[in-house]
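**Q** Could you slot chain E onto chain S? The hints should help.
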Amino acid sequence: MIRHTLLAALSSLALVTPAVAAEAPAEIKLGALYASSGRFASISMPVHDGMMLWLEQKNAEGGVFVKVFNRKIPLKLIAYDDQSNTGTAATLYNQLITQDKVDILIADSGSVLTSVAVPIARDNKMLLIDQTGTGATFFTPDNPYIVLLDDPVSTIWPKPLADFLTQEGPKLGIKKVAMIYATNDFTGTQANAVRKFIKESNSGVELVYDQGVPTETSNYTVLINNIRATQPDAVIELGYAPNDIAFLRNLADSGVKFNFLFCIYPGLETDLLAKNVGAAGLNGVFTYVPSSEMSYESEFGMNLPQFKAAWNKAYGHGKVEFGFNSVAGYTTGLVLEKALATADSLDQLALRKAIFDLSGKLKTIDGTFELNAEGAQIGEITPLGQLAAEGEQIKFVTVWPFAVATGKPIYPAP
Amino acid sequence: MPRLLRHALFILVPLIAALAIAPAVYGNHLLLFNLIVFMTLAQGINIVYGFTGYLPFGYVGFFGAGAYGFSLAVMHLHASPFAALALGALAALLLGLGLTPLFRLSGAYFAIASLAAALAVLQIVSNPALEHITNGPYGVSLSGVFDPSLAYAVALAILAGTVLLVIWLRNARFGLALQAIREDAISAGMAGINVVRGRVIAWLLAALIAGLTGGVYAWYISVFYPETVFSGEVTVFAIVFALFGGTATILGPILGVAILYGIYNAIGISTPQYFQLVYGLLIMGLVLFLPNGLVSLLRRRGVDVP
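Chain order of the listed sequences is S and E.
Under my numbering, the residue at position 349 of the first sequence is numbered 350, and the numbers go up by one with no gaps.
Under my numbering, the residue at position 146 of the second sequence is numbered 202, and the numbers go up by one with no gaps.
This is chain S alone, in the form it adopts within the complex (with noise of 0.2 Å):
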């Protein structure tokens, strides 16, 4: 019985390992695209390089742990410059996929450059690592081939700033708002989540200015003169990031001055606001409170201080900005890496499967790791801050919601 139990066991080892030995690769191929410049480039790169950082770290330690062999297997990079460029960033995707057969396919940061991979990675059944793409139309419930892993999708983000407006801002005498966005994915969905929140509310907050202007403005003063006829008191000017520095340029030169003024980017990338608009420029204005400034209880990979102080390290030349997008980037390779190390195959429903599991248990520097059953984003939220000039230092307070609000709303700001 013994000697039989034995053979049988031999036997099937005999059938098992060698197969286990041949199957695992010798490396991890993955694939991405970068912008190094057109438009793209100020949110590309760091999240580019915040990867690469996660990435050399793991390949210096022998690779990261694929559960799958039961051993760490290291890392290969194949990544594209697609200029910003939509078509080149079409082509290359389906180079990466069809050509260099890469194992995981990561997306451009943003979600102009994202929107052309989602069907291409369906078409070739690859899950798509889609880092920064909040776009709201990438998740439908039949495409399980897209999953987000860095940014919350744009319907989330302005909630707590709109949270802040209708419970917190009928107290400090704010009732009348004023909104201009960008019309693109990124602002102008954010725009259609603002609104919908103020009208639910029923806190007598209303909306007295609402206008999209295409992305490309690069003069204000105008708008701002119109805005500056509603008497609002608060404004929130949606934008990437060179609307929002054009836009506080303008304020300045013009002398108009708002009690309450929201912008995106003065708060996830901070340092390429402060260079264009000047410490003072900053000064009072509302902002979204970036991972890279928050703190978050990292329970896997660095924290906070570890990481700006790699990357200061490795990038210190000061030509990519250290911020948001550096920590989404870092974020992704720990998503990935956590996954590998769960994941019961490298097929592409396995490692979405494995990222999934991960949804509401994994807690990075980015927050909470949370996702909706389309693959979208809804942990990693971005509190409501008020940025403090000290001389040429800028401060974050964060100010909403009240369980993480490290101090309280200037209004109406210095």
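Think of the hints as simulated: they come from the structure by calculation, not from any bench.
Just so it is clear, the structure is predicted and the values come from calculations on it, not from any experiment.
Incorrect hints may have been included.
To be verified - Computed Cβ-Cβ distance ranges for the label pairs, DEER-style:
1) E:A213 to S:S202: 45 to 55 Å
2) S:D143 to E:A209: 15 to 25 Å
3) S:E201 to E:R160: 46 to 56 Å
4) E:G200 to S:N313: 45 to 55 Å
Claimed, not checked - Among chain E residues calculated to face chain S with C-beta under 8 Å, some are:
5) G83
6) N84
7) L86
8) L87
9) S182
10) P184
11) G192
12) P193
13) F202
14) V279
15) N321
16) I325
Idealized CB from N, CA, C, for every residue including glycine.
**A** Coordinates of chain E only, in the frame set by chain S:
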């Protein structure tokens, strides 16, 4: 053997056969699909510019109209892809009809006016106030009809139809009439050619081709923003490809796309930082030494290029 049949047998059949087989040989299907799209658009430019002399910088307007016509039919009417394709083509035709007054202009004025018209259509489509109709600037998702294999086959059929049309124009009296209009509209009119009718028909044929191509493009990629299908780059590429090969010929635009789009992708993948430099030098070389395109190299040696 009649010239028309000869051209169809020796140009159209091998071209379509090669592109039909290509997906089995080469895995980057989007690249092949884009090759078909640009070949079709370059032939559209060939019809309107090569045969009538009108250079429409805003040609992408028809492409975008076709893409959005297709998308709106799918989103609001729940039309089948083929019905949606027909509506996309209709949208481009209607836009073409609406723009016929532009023929009062010529040369650079016509080129700029058509570009302005395409930009106007883009602004209308991406206007947030029309979000409930076009989804405004937030793009469309047509995941319900997503079928890249069928869309590829249909794109190939559209290319076949377009090349056949150009073969016919190259060999028919109507094509000669258009070329006569291009050379001297007044003389052509004096010779009994209906100049206005000829120009309008060529314009609408080009619009129809771009509309169908835009529709099938929307079908294939299924998730896109207005800027993607109204990108000026689409027109620029189609014009450069057609001019590089040689207009008013059947082969010219095909050669232009095969060579330039091939180089575009080779550079884009290997050394994208040199893309603008290499392309710029190529275009300068074209303008300086081959203003009539590659086919002129053969024509100078007495070869009759179809």
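**Q** Now tell me, hint by hint, if it's right for this structure.
**A** Evaluation of the provided hints:
1. E:A213 to S:S202: 45 to 55 Å: holds (53 Å)
2. S:D143 to E:A209: 15 to 25 Å: Given range 15 to 25 Å: holds, Cβ gap about 22 Å.
3. S:E201 to E:R160: 46 to 56 Å: holds (53 Å)
4. E:G200 to S:N313: 45 to 55 Å: holds (48 Å)
5. G83: holds (3 Å)
6. N84: Interface hint status for N84 of chain E: holds (4 Å vs cutoff 8 Å).
7. L86: OK, holds: L86 of chain E within 8 Å of chain S, min 4 Å.
8. L87: holds (5 Å)
9. S182: With a minimum Cβ separation of about 7 Å from chain S (threshold 8 Å), the hint on S182 of chain E holds.
10. P184: holds (4 Å)
11. G192: Since chain S brings a Cβ to about 7 Å from G192 of chain E, closer than 8 Å, the hint holds.
12. P193: holds (4 Å)
13. F202: Result: holds, 6 Å to nearest chain S Cβ.
14. V279: Where the cut-off is 8 Å and the nearest Cβ of chain S is about 5 Å from V279 of chain E, the hint holds.
15. N321: Constraint on N321 of chain E satisfied, holds at 6 Å.
16. I325: holds (6 Å)
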